[in-house]
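Engineer: In case you want the letters, here they are:
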Amino acid sequence: MSDSKKPPMSPRAKKYWFSLIAAGVLGLIGGFLTYPVGYELGRAADSGEMPAGSWFEAPIDSTTAIIISLIWGVALPLLCILHHRNVDEQEEHAFLWAGLIGWYAMIIIAPVWWVFAWADIWPEAHIMGIFIIGMIVNAAVFVWKKFR
Amino acid sequence: MKNRLKVLRAERDWSQAELAGRLDVSRQAVNAIETGKYDPSLPLAFKIGRLFGQPIEEIFDDEFDGE
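Chains as they are written, first to last, in our numbering: chain A, 30 to 177; chain B, -10 to 56.
Just so you know, these hints were derived from the structure itself, not from any lab. Be aware that one or more of the hints could be misleading.
Unchecked claim - DSS-like mimics (lysine-lysine), calculated; alpha carbons at most 27 Å apart, straight line:
hint, chain 1, residue 1, chain 2, residue 2
1, A, Lys175, B, Lys(-9)
2, B, Lys36, B, Lys26
3, A, Lys175, B, Lys(-5)
4, B, Lys36, B, Lys(-9)
5, B, Lys36, A, Lys43
6, B, Lys(-5), B, Lys36
7, A, Lys44, B, Lys(-9)
8, A, Lys175, B, Lys26
9, B, Lys(-9), A, Lys43
10, A, Lys175, A, Lys44
Extracted from the complex, chain B is given alone in its bound form (with noise of 0.2 Å):
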């Protein structure tokens, strides 16, 4: 699934690790979640969604055209 993730974190001028820290996850998840290699549970997305004060759906793309 493709996100923002990196942007937003670019934008805070945040590092993977201090991303992980907040989220408290590990630097690897966030990569991951980054790279589009892994999909975050619905907990993590929400949480990652108040952290970024931004809905799931602004970060996180499914790629769903309506069809």
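Here chain A stands alone, though its shape is the one from the complex (with noise of 0.2 Å):
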């Protein structure tokens, strides 16, 4: 038996693949608002009036900011919404433990650094630093949970 006719995409995966689409436009164009800041940082670290690889001490102008912020803190609350209410129950699955680790990866790691710091082990612990940790152990896990 057989019946190959792939069926036309469904209204959830058209809305699903709208939402990736727009988050990575979105992110482009964050990325294309930031690019000056980092060409500046590395004309600043270059003639050395910043040290290299202080890339959040670097200066942005409010606009910038404010458009940044507007992407993050609106759109993408708004885009994410859509995509979490359109995605499939396996992937929708993958993020839950992917939040799930993501946050005990932050929360661990956050007091760690923190009394690291007090006792002056470590320097002071660094909020987007913990973030980032924090994402990257959120991406590695939903990575897993849905493509292994």
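Fit chain to chain and form the complex, with the hints in mind.
Structural biologist: Below, the structure is given as structure tokens:
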């Protein structure tokens, strides 16, 4: 028995892909907006005005900051709602595990880093550093649960 | 949980992507179910049963031996 006609993309799948592509486009816009900040940082580091690697201390104008915040704080949550209403159950399962383990990564690392900094073993806890670690753990668990 | 999804799919000469389209899930979801890495919800299991015209217990085996 063979019936190999592939059904057309469902409304759910269309919304799913729209949310992913829209998030990608917004990410590109955010990347283009932050590019001058990175460029200025590189120039300042090359000229010795600023030590290399101090990305989060680089200057950024308020308009760029507001646009990036609107992308991350308003558009992204709306796209996330659309996305999560339209993912299939296996992907939602992966998201739940990734969210849980990413959360644990942050709540374990943050106090450890903080107490080490308190004892002058490590430098002051860096909030964006902890955020990035949480994001990396989240992404790794998601990819493992969805694609393994 | 063991299941006969891969066999049933092969009998119809469907790819994972084709079956995924018919169930309105991703290809990765079909692969995860076939390899036993993900157990579908009851609604999805019923949908699979309806698609193949078989009861759930004919497709999925929870390996319960009655004890």
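Engineer: All hints are to be evaluated individually against the structure, with a verdict given for each.
Structural biologist: Taking the hints in turn, this is what the structure says about them:
no. : hint                  : in the structure
1   : A/Lys175 to B/Lys(-9) : holds (19 Å)
2   : B/Lys36 to B/Lys26    : holds (19 Å)
3   : A/Lys175 to B/Lys(-5) : holds (19 Å)
4   : B/Lys36 to B/Lys(-9)  : holds (17 Å)
5   : B/Lys36 to A/Lys43    : holds (20 Å)
6   : B/Lys(-5) to B/Lys36  : holds (16 Å)
7   : A/Lys44 to B/Lys(-9)  : violated (32 Å)
8   : A/Lys175 to B/Lys26   : holds (10 Å)
9   : B/Lys(-9) to A/Lys43  : violated (31 Å)
10  : A/Lys175 to A/Lys44   : holds (19 Å)
In summary, the structure is inconsistent with hints 7, 9 from the numbered list given earlier, while agreeing with the others.
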